[in-house]
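Asker: Chain by chain, the residues:
Number of protein chains: 2
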Amino acid sequence: MALVVQKYGGTSMGSIERIRNVAQRVAKTFDEGNDVIVVVSAMSGETNKLVALCNEISELPNEREYDVLVSTGEQVSIALLAITLESMGYKAKSYCGFQIPIITDSACAKARIEEIGDQNIRADLKERTIVVVAGFQGIDRKGNITTLGRGGSDTSAVAVAAALKADVCEIYTDVDGIYTTDPRIVPEASKMEKISYDEMLEMASLGSKVLQIRSVEFAKKYGVVVHVRSSFNDNSGTLVTKEDADMETVLVSGISFNKDEAKISVVRVPDKPGIASKLFLPLSEANISVDMIIQNLSHEGFTDVTFTVPKGDFKKALKIVNETAGEMEAGKVISDENISKVSIIGVGMRSHSGIASKMFETLSKEGINIQMISTSEIKVSCVIDAKYTELAIRVLHAAFGLDSKQVAAE
Amino acid sequence: MALVVQKYGGTSMGSIERIRNVAQRVAKTFDEGNDVIVVVSAMSGETNKLVALCNEISELPNEREYDVLVSTGEQVSIALLAITLESMGYKAKSYCGFQIPIITDSACAKARIEEIGDQNIRADLKERTIVVVAGFQGIDRKGNITTLGRGGSDTSAVAVAAALKADVCEIYTDVDGIYTTDPRIVPEASKMEKISYDEMLEMASLGSKVLQIRSVEFAKKYGVVVHVRSSFNDNSGTLVTKEDADMETVLVSGISFNKDEAKISVVRVPDKPGIASKLFLPLSEANISVDMIIQNLSHEGFTDVTFTVPKGDFKKALKIVNETAGEMEAGKVISDENISKVSIIGVGMRSHSGIASKMFETLSKEGINIQMISTSEIKVSCVIDAKYTELAIRVLHAAFGLDSKQVAAE
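These protein sequence lines are chains H and U, in that order. Using the working numbering, the first residue of the first sequence is number 1263, and each one after it goes up by one. Using the working numbering, the first residue of the second sequence is number 1263, and each one after it goes up by one.
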């Protein structure tokens, strides 16, 4: 008997019929003798509907109240799934974030989990009750409802799996697993059997959209084995787990992209010590995460600084940067929302050279201009004009020999 | 400066535009120097939508989970109203039932308020924050979400007004106040300037649908002055308050009706001591409130028992009664959902005779058969065939001189 955490996303929970399918899958795992905790997202479309309602009122809604609003989507889902399981004759009990409790900090809309109570859930599992947990939401120490940001249900699932020391955390989604790149763009993309936490961190943070980055951080930190698989079939998916020797023989394991960032440049900044902190401190205080940063060489005492922020924070960031630029007596602020970031990822890069230059050459051959570059031990990212995104991915996928890669299990 | 509790129903909260109207009304009261607590219902149609989703899964859903589901409607409302007030520059803070807390018993879907914490709200009011409270919902002592039953937001509002010792509890709705009967049925119906708690209790329990009965019980118990008025204009409405001398000069102050009950008869019950308790105990254990009960004279050791239950509990009640009837070796169980109850109400009845017989005579003249009768000090109710409801109300309204009645304030 194992303790299995299963997480179902919005598409899997998208209708009463689909919720029935989820319930049957949960019941099957339970009937095999396992204890089951199910973590669910809002029904697909529901969160967007709530956000649209909110935007009718205000583009910058009060953040505490925004979380009160959007957390209702998951509450609907847990109730419907528990009702379905109960109607099938199983004992089931739903939990909102505050009932577990999932304690977070107070950073509304992007709260971080600090602590998870396991006593209530353990008592239920002991009585062979199926536990249904609302993903995405928590509560801070003052009793305010918080949410973890888009895709936060993955983090909820992995965090609950870590807190309860589950044997596996199965993330059910509408795809079969993690692919070498988006199969909608490259039909030759293939499913990976396993991927290391670090590679997955790069894939997720760069926009592969299958798993939220923080869930992978959690999984890595607590050694939770994550199994990403489809809720529409019984195929095994992709295991996200510790790095092993096999993984290092591959140069590039996957290609990811991100169209959800925007670029902001501050032109002619007086080049004095402390400008970077002056520029970025107000952004971090506003809880905006800056991704890539480039500061060019200084000319005549002035420099240009360019960086990217999530599109969701773009307006807020631009307002702040304009104020700061004014105070710093910088030239002007220019911005571009039509960019995308394309990245190649692989733990094999650590022991092979020339991979970055092969990427630049491949893009250049197609006439794609590289606007920003950033590298880490296991990835190289380039910011390019958004309109070239698909082309860039296709040529890189072919150049790094991924087109022919086929996983045995398929 | 006063402490004003305002409650807005689903119609008043029915769209973003209407929520803006509510916010403006709240702001006006606040700007006049008052402290304001706003209690809101779900946007009109939302609760029904959630119930419909639930019914797709099960006709008898798990009750704990049902409450988790339907309580989300009010949570959406408090967030949207607080966001609107904040966007207008006011300090506003929303409260779910568990955050206040509104402690209830554990009778899901019809929980009763046991205790209300006032510390959190008082702290906010002291800082001139507008407090926005989710109606309809509470939390039991084990941490389960509960709801108070349809119309429960009125009770939430009056209970919060009682707990915080508010000066007035304004119930905003889509009608101008309490009418002598439903103006859609009798165009000559007129608005009452004031009505006693006891009359209102009879009006509400008999289906006037303006105020939930338990809210009036609360108001009576704690002496909360309730002002029922329209959210669409500035007219003063109807005050629900202590009885006074004026009220007693009127024979009948209003006519109400209820189409939301169904009739169940158990035929040929062996007439032994204890049959009533045997029949009704299982219903009360299932939290079903039985309204009118008639037990006919016994013939040859057998009797017939007829009673009414809310239509919402009809299927559940019928199932229970069928089981009990089997155990009691009764003849059979027959039922009728096509009934309605028409009632005349007035504190003046206490000191005047002949009012019941005038009611029976009026109905009989129109050929309307009376199936059940029940009386109290201040009302007479008759169960009739549902199809005669409107006719009965019209002739009674005229017979008791209400057609001509016109309130000076109008």
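Don't take every hint at face value.
Pairs count within a copy or across copies, as identical chains cannot be separated in the list.
[Unchecked claim] The list that follows gives simulated cross-link-like pairs (lysine to aspartate or glutamate, DMTMM-like), each with its CA atoms no further than 25 Å apart:
| no. | residue 1 | residue 2 |
| --- | --- | --- |
| 1 | Lys1581 | Asp1506 |
| 2 | Lys1649 | Glu1599 |
| 3 | Lys1427 | Asp1367 |
| 4 | Lys1534 | Glu1599 |
| 5 | Lys1353 | Asp1506 |
| 6 | Lys1521 | Asp1429 |
| 7 | Lys1627 | Asp1367 |
| 8 | Lys1578 | Asp1598 |
| 9 | Lys1427 | Glu1585 |
| 10 | Lys1404 | Asp1380 |
| 11 | Lys1594 | Asp1553 |
| 12 | Lys1504 | Glu1591 |
| 13 | Lys1404 | Asp1553 |
| 14 | Lys1540 | Asp1436 |
| 15 | Lys1620 | Asp1665 |
| 16 | Lys1353 | Glu1321 |
| 17 | Lys1649 | Glu1279 |
| 18 | Lys1388 | Glu1479 |
| 19 | Lys1521 | Asp1553 |
| 20 | Lys1353 | Glu1318 |
| 21 | Lys1540 | Glu1639 |
| 22 | Lys1290 | Glu1318 |
| 23 | Lys1353 | Glu1547 |
| 24 | Lys1290 | Glu1321 |
| 25 | Lys1482 | Glu1510 |
| 26 | Lys1534 | Glu1376 |
| 27 | Lys1483 | Glu1599 |
| 28 | Lys1427 | Glu1279 |
Just so you know, these hints were derived from the structure itself, not from any lab.
Asker: Confirm or reject each hint.
Answerer: Hint check results:
{"no.": "1", "hint": "Lys1581 <-> Asp1506", "verdict": "neither (46 Å within a copy, 62 Å between copies)"}
{"no.": "2", "hint": "Lys1649 <-> Glu1599", "verdict": "within (12 Å within a copy, 64 Å between copies)"}
{"no.": "3", "hint": "Lys1427 <-> Asp1367", "verdict": "within (22 Å within a copy, 34 Å between copies)"}
{"no.": "4", "hint": "Lys1534 <-> Glu1599", "verdict": "neither (29 Å within a copy, 83 Å between copies)"}
{"no.": "5", "hint": "Lys1353 <-> Asp1506", "verdict": "neither (40 Å within a copy, 55 Å between copies)"}
{"no.": "6", "hint": "Lys1521 <-> Asp1429", "verdict": "neither (35 Å within a copy, 55 Å between copies)"}
{"no.": "7", "hint": "Lys1627 <-> Asp1367", "verdict": "neither (48 Å within a copy, 72 Å between copies)"}
{"no.": "8", "hint": "Lys1578 <-> Asp1598", "verdict": "within (15 Å within a copy, 62 Å between copies)"}
{"no.": "9", "hint": "Lys1427 <-> Glu1585", "verdict": "neither (47 Å within a copy, 47 Å between copies)"}
{"no.": "10", "hint": "Lys1404 <-> Asp1380", "verdict": "both (20 Å within a copy, 16 Å between copies)"}
{"no.": "11", "hint": "Lys1594 <-> Asp1553", "verdict": "within (21 Å within a copy, 75 Å between copies)"}
{"no.": "12", "hint": "Lys1504 <-> Glu1591", "verdict": "neither (49 Å within a copy, 69 Å between copies)"}
{"no.": "13", "hint": "Lys1404 <-> Asp1553", "verdict": "neither (31 Å within a copy, 44 Å between copies)"}
{"no.": "14", "hint": "Lys1540 <-> Asp1436", "verdict": "neither (43 Å within a copy, 54 Å between copies)"}
{"no.": "15", "hint": "Lys1620 <-> Asp1665", "verdict": "within (16 Å within a copy, 91 Å between copies)"}
{"no.": "16", "hint": "Lys1353 <-> Glu1321", "verdict": "between (43 Å within a copy, 17 Å between copies)"}
{"no.": "17", "hint": "Lys1649 <-> Glu1279", "verdict": "neither (38 Å within a copy, 39 Å between copies)"}
{"no.": "18", "hint": "Lys1388 <-> Glu1479", "verdict": "neither (29 Å within a copy, 42 Å between copies)"}
{"no.": "19", "hint": "Lys1521 <-> Asp1553", "verdict": "within (13 Å within a copy, 62 Å between copies)"}
{"no.": "20", "hint": "Lys1353 <-> Glu1318", "verdict": "between (41 Å within a copy, 20 Å between copies)"}
{"no.": "21", "hint": "Lys1540 <-> Glu1639", "verdict": "neither (29 Å within a copy, 77 Å between copies)"}
{"no.": "22", "hint": "Lys1290 <-> Glu1318", "verdict": "between (43 Å within a copy, 22 Å between copies)"}
{"no.": "23", "hint": "Lys1353 <-> Glu1547", "verdict": "between (45 Å within a copy, 22 Å between copies)"}
{"no.": "24", "hint": "Lys1290 <-> Glu1321", "verdict": "between (44 Å within a copy, 24 Å between copies)"}
{"no.": "25", "hint": "Lys1482 <-> Glu1510", "verdict": "within (18 Å within a copy, 77 Å between copies)"}
{"no.": "26", "hint": "Lys1534 <-> Glu1376", "verdict": "neither (38 Å within a copy, 64 Å between copies)"}
{"no.": "27", "hint": "Lys1483 <-> Glu1599", "verdict": "neither (34 Å within a copy, 61 Å between copies)"}
{"no.": "28", "hint": "Lys1427 <-> Glu1279", "verdict": "neither (31 Å within a copy, 48 Å between copies)"}
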